[in-house]
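Visitor: What follows is each chain in one-letter form.
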Amino acid sequence: MSFRLSYRADPGNPWFSWQYVRDNSDTILAAVREHASLTGRAVLIAVLIALPLSVLAYWVRPLAGPILGVTGVIYTIPSLALFAFIAPYLGTGATTVLVGLVLYALLLIVRNVVAGLNQVPPEVGEAAEGMGYGRWRRLFRIDLPLAIPGILTGLRLATVSTVALVTVGVLVGHGGLGQLIFAGFQNNLYKAEIMTGTVLCVALAVLLDLLLVLVGRLLTPWSARGVR
Amino acid sequence: MSAAANPVHQAVLWLNDPLNWSNPGGILDRLGEHLTISALAVALGCLVAWPVGLWLGHTGRGGGLVVLVSNATLAIPTLALLTILPLTFLGFGRTPVVVALAVFAVPPLLANAYTGVRQADPEARDAARGMGLSGGQLLRRVELPLAVPYLAAGFRTAAVQVIATTALASFVNGGGLGEIIRTGFGLSIAAGGGQIVAGGVLVAGLALLAELLLGIVERLVTPRPLRRGRQRAGRPRPADATGRA
Chain A
1 MSFRLSYRAD PGNPWFSWQY VRDNSDTILA AVREHASLTG RAVLIAVLIA
51 LPLSVLAYWV RPLAGPILGV TGVIYTIPSL ALFAFIAPYL GTGATTVLVG
101 LVLYALLLIV RNVVAGLNQV PPEVGEAAEG MGYGRWRRLF RIDLPLAIPG
151 ILTGLRLATV STVALVTVGV LVGHGGLGQL IFAGFQNNLY KAEIMTGTVL
201 CVALAVLLDL LLVLVGRLLT PWSARGVR
Chain B
1 MSAAANPVHQ AVLWLNDPLN WSNPGGILDR LGEHLTISAL AVALGCLVAW
51 PVGLWLGHTG RGGGLVVLVS NATLAIPTLA LLTILPLTFL GFGRTPVVVA
101 LAVFAVPPLL ANAYTGVRQA DPEARDAARG MGLSGGQLLR RVELPLAVPY
151 LAAGFRTAAV QVIATTALAS FVNGGGLGEI IRTGFGLSIA AGGGQIVAGG
201 VLVAGLALLA ELLLGIVERL VTPRPLRRGR QRAGRPRPAD ATGRA
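Listed in order, the protein sequences are those of chains A and B. Number 145 in our numbering belongs to position 145 of the first sequence; there are no gaps in the numbering. Number 177 in our numbering belongs to position 177 of the second sequence; there are no gaps in the numbering.
Isolated chain A (complex conformation):
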């Protein structure tokens, strides 16, 4: 391709530069890796916490309000403030970022899973009970499978917003691709570095989102139109 020419023609501060990408491939890859790993771990942990919480809210109606309320208040706290509360206790490591990300993802997953569970038609539940299904068997064989669209919506929202939110981790030096964006800004407004970080960040979000859509299609073969 013509990247060499365009590099020579644009010696100043281009929006994109292969030269930059090649010279800094190690840094960029490390940033992508940290970004993806933080996102993956945060969403995974959030799911492990959110699923039992959602089932609890589904089974014990009086708890639904408080569970959604508390996760909602946490979600309202600005990310910078949340990191500020966590950092003095957990230090300026990736753990601080991880805890903050998990807390944010909770609401998105809980709300959508609860909505998904509530959409299970009551007749189906009654039929299952009539067939002698116990509470747990009904949960795993009927309720959760039928709630998959809701669960996936929650997962997709949580994943995409987590990818964007990781960048705020630059506050404690672990912002994944946010480190590139921020370093570019501080490094005499180096556009190529800022843009590379941004594009990779958006690309990661889109990629993970498509992946989840695909998983949703595979998990719900009965819905011809797929998830959402």
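What you were told as hints is all true, and nothing was included just to trick you.
Restraint ranges, calculated between C-beta atoms of paired labels, are given here: (1) Met-131(B) to Met-131(A): 49 to 59 Å; (2) Leu-29(A) to Arg-140(B): 51 to 61 Å; (3) Ala-30(A) to Leu-220(B): 44 to 54 Å.
Just so you know, the hints here were simulated from the structure itself, not pulled from any lab data. Treat the numbers as computed from the prediction; the structure is a model and nothing was measured. For each residue, glycine too, the CB sits at the ideal point set by N, CA and C.
With chain A held as given, fit chain B onto it using these hints.
Guide: Below, chain B without anything else, positioned relative to chain A:
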């Protein structure tokens, strides 16, 4: 961990020092900046999103566009917009910060304006048509008043979101309460722990206060019969959860 000497206690001490409030660049200065930036961003967002949303809802087209805008902004990191916009024709200063934050105010405003008009009772619309109202009159005298609760819900979501996001303006030295947290981190955790937590309390308190006050406003402008039956989730899902930052 005892070296951290209880950051909460330090934070109380820091907040109790009057100089931290009144100094140049102190809490009051930062609060003023924060509110100014947020207000400008929300106003700009309303100016763009409401007319477009109302019009799309009125014509019944563009539902896909609304969802697309929501999803797109969800994936864009706030930090990216805050750093990129100053490098464009907008130049440095307050303008790019306000524009960047307004971008994230648009989805909830747009989606709720659209849904608000869409959900207007078709019978009311037909009756207005029968009375001879033109399209513009219909929008202004029937659909718009019926959409007010939705506009208020969107306004609350957008305003709280912008107030939260304004804290990130500090990354590009844009001012606001986030600067207090950033300065604290500049001092290292041991020395600035109190200030970090204090800044967090201020930022979170402002966001929660805005949520509370605008929730009351939203209730007041919602006619009584609509308060119970209508769920706040009556808007498209993705718009409900625009990338919080």
